[in-house]
Amino acid sequence: MTTVHSPLRLYGRSGELALLEKLSARLRDGDGGALVLTALPGIGRTALLDSAVAAHRERRTGPVLTATAAPAEQRLPHSGLHALLCSAPGPLPLPPDQVLRDGIGPAALLVLLRQLGQERPVLVCVDDAHLWDADSRAALGFAARRLGAGSRVAVLLGAGDGAGFAGLPALRLGPLDDDASAALLDRLTDATGAAYHRVDPVVRGELLREAAGNPRLLTGLAGRLTPDQLAGRTALPSPLPGAEDVLDAHAARLDGLPPDTRTLLLLAAAAEEHEPEGAGADAALLLRAATSAGLGPAALDLALHTPAGTAGALQRAGNRVHFSHPLLRRAVLHRATPHRRRAAHGLLATLLTTGTTGPRGRVRSGGAPTAPGPPALAALVQRAGAADGPDAALADALEAAAVPPRPHAERAAALDRAAMLSTDEALRADRFAAAAEHTRLAGDAGRARALLARVAGRPPHGAAHRVRGLLALRDGPAADAREELLTAASLLAPHDPHRALDALLGAAEAAWATGDALGYLDAMTRIAVPVPDRALAQYRDGMCAMLSGRITEGHALLRHCLDFAGRVRDPAGMLRGGVAALVLGDIDAACRSGARALAAVRATGPDSLLPQALEHLAYAELRAGRHARARAHALDGLHAARRTGQPNTAAHLHAVLALAASVEGGTRSCAAHADAALAGAGPHGLVQAATLATWALARADLAAGRSGEAAARLGPLVGPGPRRGHFAARMLAVPCFVEASVLAGGADRVGRAVHRAGGGADPVDAVAEFAVWVTYTTDPAAPAQLARCRALLAPPAEAAGRYEEALVHHDRTGGDFERARTQLLYGAWLRRRRRTREARGPLRDALVGFERCGARVWADRAGGELRAAGEAVEGSGAGGADPLSALTPQQQRIARCVAEGATNREVALRLSVSTRTVDHHLRNVFAALGVRSRTELAGMLGRRRG
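Under my numbering, the first residue of the sequence shown carries the number 1155, and numbering increases by one thereafter.
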């Protein structure tokens, strides 16, 4: 057994502690008050009360009267107040023994507490106040409601849910959030710093899942595991020990109910066994079971139609009956004897076998018996609950029933039970692995890992390796996932070619995520020839041809793959069609495939594929220039990825959101999403996510005029060397890199300084490589981007023609954002050559284009260029209230740059002027605005922005 250390501080309770501190501060200032903390057992109510008492004593504010209710004295009048007054540090005007003997009325208690508060502030703290005798509860409640300003008495009560202290301020404590629970577990197991790795991640996830934010339950669970179990070297027991204390506390709430009501609660708890988690029990089945158990109609009406009938334990919603808290259900099963539990399951199994059943085997009241055939899955699950030991025949029946169209969660539960009933070790391992697979598909990665931990490691189990690899693909180092899946494929190939193929596709996806083109080819070429699925065969051959440099052949094969895409019904196949479309550059086809895949997943599942469907669609929409749609789908995908335990997918979605924000102008949002993507991509080797996130940061730098920073970010991605970006994404960043390099190095010099700014990449070489890429992609934006890059690098005599060529390409393909970027660069180039009248047209169009697609920061940049070209822009701040209105457009731009902290040289580079010009304009700015330093200028513009 592990030694569990008591936590030295409270976790996840900053808001509650702040409220207690506010009550304490009022008390120190001479004002009283009251607060009732309510919570279910184990949530941390007592710890908060102890914290408040300790703080009061540490400050030596005044005396504390404290007591904890004793359930054994609940029928003894005034016993609660007697215990409270006995805790007083000195003599009282009314001796406690007299209170116990003669009693004390509510008004007399109020007078007594006010007398105590006249000397020093008094804190009255009672835990489990709901278990006090009725007289004590009534008197203290009466007094607490009247202790306000000037009373110098604060009453702090801890009570269970539904305690009778109406009229008093109350705070209901909820479970700890994930971060607080994890921090508490670290403390409990001394798993901090390097020692963290002593707790196996699967064990850690199972403990946090089982505790569900209940700190006392988490403490009990962690304390009952051995060091080997915590480290994952020994299998976890099932069920996990250590929950008895919390379950007993929950069950104690129900001990006073009539026997018939307790029987009904047991039947309700057992009836949820075959239902999906959180679905509750079927009210019709429960009614029939209760009637068969001999419960009378009056008792049933009271229990099922009034919350008071079951002390609030059961709640009815339509034809479903739920426990008010999942731990209450577990507590009912825990408190019942094994014989009674088996009897309840046996009764339900009989009813489910003989009655008319619905889609999931639910009884329809008054129906005829079902046609002869195998028992419904629900009945089999109930029979498993009634079994008193292994049962091979029942295990076989459960496995046979766990088939489509049943949801993956139900099939997983049936296979889990089948494994536990199995006597053959090989069958047991197969069933646990199958249960883990269906649990993964249902979107519960943590539970899937816990099931895999029950599969014996010897001999190697191919199905378990496959599930483990697919889980690692979404939540682990992608390179490890690839090796795990390749191992699974070799183990499965002789007897399960379908799953072996699935493992190889997963290995290829893992290699793609890491930017390992050779690894991708290795996995894809291992797929057996011929592949029964023609579309898959063309996808495999086309992708291999493309990555091997056989571009023409690859295009033809992938185009055939897309021709078959409309006939594919498998969501995974639809997603592969979307990948093929993106590799070809057929962005519209990629959007269509992504939308079809999303609709299919939402209609038929599996839940585990929803984050990928949303990610693929969002990325395709981003490439199509539909940034708002991409952001909406990526946010949905992020929620789905978090819900299903897929942080790797979340990293890719953060990268998509960062790219969308770099267009829409959310600089902070872009940085936040990019940081999140890079934080997830680094440890798990997700090169594609890291490339996209870095590109997003660079594009945001460009929008803000920080060309040098943008070039420095993008240089390593587009250039040669080990820091090169992802093979499928690096070309997309070349136009931004060329723009950043040229703007950072000056309009007419792209030389050694630019080469250094790009971290080794040369813009001329990058454009040459980009031109080759444009010849074999059908991406509609690529020709215009290539012409724009050539315009940026062209000598003055050729640049205008290149810009015009780019705009002609834009006219053919559309896309507001990329067209506006070309117009912005063209207009800025014209203005720098003092062709201001010609510059206004492109700049005006750029401003309108950016505004149309919601690119706020880019619109500001276009507006600044337009003002510098001598045209007033609406919203530029003209008017007496704006201090910049007295400046020329060029002076305004220089003032803004300097206020942001740029040096004169940096301003010159940003605005494509000389440092002497910046110095001249800056002196005039200081004189016009009446400031004497750059600091004063920054302060003035900062106040204006605020």
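Keep in mind that the hints were calculated from the coordinates and are not lab data.
Cβ coordinates follow ideal geometry from the N, Cα and C atoms, glycine included.
One or more of the hints may lead you astray.
Said to hold, decoys possible - The calculated label-pair distances, taken between Cβ atoms and stated as ranges, are:
1. 1610 / 1504: 16 to 24 Å
2. 2071 / 1958: 43 to 51 Å
3. 1504 / 1328: 37 to 45 Å
4. 1409 / 1430: 23 to 31 Å
5. 1757 / 1992: 51 to 59 Å
6. 1496 / 1557: 42 to 50 Å
7. 1430 / 1325: 31 to 39 Å
Going down the list of hints, with the structure as the test:
1. Here the CB-CB span from residue 1610 to residue 1504 is close to 35 Å, at odds with the stated 16 to 24 Å.
2. A C-beta distance of roughly 29 Å is found between residue 2071 and residue 1958, which places it outside the suggested range of 43 to 51 Å.
3. With their beta carbons about 40 Å apart, residue 1504 and residue 1328 fall inside the hinted range of 37 to 45 Å.
4. Checked against the hint of 23 to 31 Å, the pair residue 1409 and residue 1430 passes, with Cβ atoms roughly 30 Å apart.
5. For residue 1757 paired with residue 1992, a C-beta distance near 55 Å keeps the hint of 51 to 59 Å intact.
6. Between residue 1496 and residue 1557 the C-beta distance comes to about 27 Å, which lies outside the given range of 42 to 50 Å.
7. Residue 1430 and residue 1325 have their C-beta atoms about 33 Å apart, which keeps the hinted 31 to 39 Å range intact.
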